[in-house]
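Asks: Sequence:
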Amino acid sequence: MALERQQGRNSMARIALTLVIAALGGFIFALFGVPLHWMLGPAAALLLVGRFLKGKLYWPVGIRNAALIPIGYTLGTSMTAGTLVEMGRQLPAMLLATVLILLFSFLVSCLVARWTRIPLRSVVTGSIPGGLSQMLVLGEELDGVDATIVTFFQVMRLMGVVFLVPLIALSPFFSGGAEAGTGAECGQGAHWSVGLVWLYLIVTVASAIIGRRIKLPTAYLLGPIIGTSALVIAGTPAPHLPAPLLDIAQIAMGAYLGLMLKPARIAEKGRAVLAAVVTGLALILFSMASAFVLTALHGVPYLTAFIALAPGGMDQMGILAREAHADLAVVTSYQMFRIFFILLVVPPVLKKWFAARWFRWIERWAIHHGGRSMQSASIKKKGL
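629 is the number of the first residue of the sequence shown in my numbering; add one for each residue after it.
For the record, the hints were derived by calculation from the structure and aren't laboratory data.
Being a predicted model, the structure only gives us computed values, none of them experimental.
There's no promise every hint is true.
Estimated spans, in silico, between C-beta atoms of each pair [claimed, not checked]: (1) Phe968 / Trp993: 45 to 55 Å; (2) Arg637 / Phe968: 16 to 26 Å; (3) Leu824 / Ala658: 28 to 38 Å; (4) Gly716 / Gly636: 27 to 37 Å; (5) Leu925 / Ile830: 38 to 48 Å; (6) Ala644 / Trp993: 34 to 44 Å; (7) Leu681 / Arg840: 41 to 51 Å; (8) Ile830 / Gln635: 31 to 41 Å.
Note that CB positions come from ideal geometry on N, CA and C, so glycine has one too.
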């Protein structure tokens, strides 16, 4: 019992130290006017400090999950009956955008595999812009896929999107004319009451728990989105959350992201880092180009289209959309569609592709014509 209490105190001390560093990073980024400072600041601070405080920092996934609930509520408030009609109208565009970015990521993966000689199936799985946890599970299930490579590429992509997309989207070039009156910004004018607090608290938490039980992807985010949307569509007013609560949620997310990447544990990390960065940048540039098409087809403002198509997580892109005054409903719809499409369609497709003769031919082409060998045997550790 005494040992358990001591371990509990040590864990609390590590969490407190992590929180202090994360909050300090957010405060420093705020002083310099960096976009999304309460998320990017903690991530950057812990990414840097973590190299010197190995084993002394700790951030339970439960805290990150709890932080996703208010973010899910915020995204859910943008879903109205009119939004659902618009989603139906844009469903073909959602499908086309998702398929194109998946095909593009496959093409980039072939080039990266040829250059690095990392096994092609590992690069393909690691480059798919899906939910992080879902892709890591998929990487462990597929034959011949190195889970370490998948984790590294997915985390590097996510970190690149988290840092670069806000800087691009919130730059004067793109957001000089902020999109006013969109998403949740224009919707609800109600004030909080005790009844509304308890109603939405119970619904969002219950939705997250149910989503977890039925294995919903990113359950602590999608569950509250669905639960909140149902109430809003039914006519229940959904007031805005207090800004400090969302700031705290961003700190919790940023701390989790900052401790996620541990590049020192992967062999020949220089080339792997460069390959992952190139892959992430290529996907971002492709999203920027695709956004012009979406704007032309449906008249969606370019900033909203870019964030909606960005290859990041729905939680990060939702926060960014709110900060950029983009249309939360459009961003959430496109990001949610991509998550479900990748979850339901991609795994069986990849299994068939990996067993196909043409895919094996491409694998041999990448190995025989690639650059300096980067043998997967040197990176067999199952963790970053």
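Asks: Would you mind marking each hint as holding or not holding in the structure?
Replies: For each hint, the structure was consulted:
1. Phe968 / Trp993: 45 to 55 Å: Given about 33 Å between the Cβ atoms, the range is violated.
2. Arg637 / Phe968: 16 to 26 Å: At 42 Å between Cβs, range violated.
3. Leu824 / Ala658: 28 to 38 Å: holds, 30 Å
4. Gly716 / Gly636: 27 to 37 Å: violated, 50 Å
5. Leu925 / Ile830: 38 to 48 Å: holds, 40 Å
6. Ala644 / Trp993: 34 to 44 Å: violated, 52 Å
7. Leu681 / Arg840: 41 to 51 Å: violated, 31 Å
8. Ile830 / Gln635: 31 to 41 Å: Once the Cβ atoms are compared, 33 Å apart, the range 31 to 41 Å for Gln635 and Ile830 holds.
Going through the hint list in order, the structure does not satisfy hints 1, 2, 4, 6 and 7.
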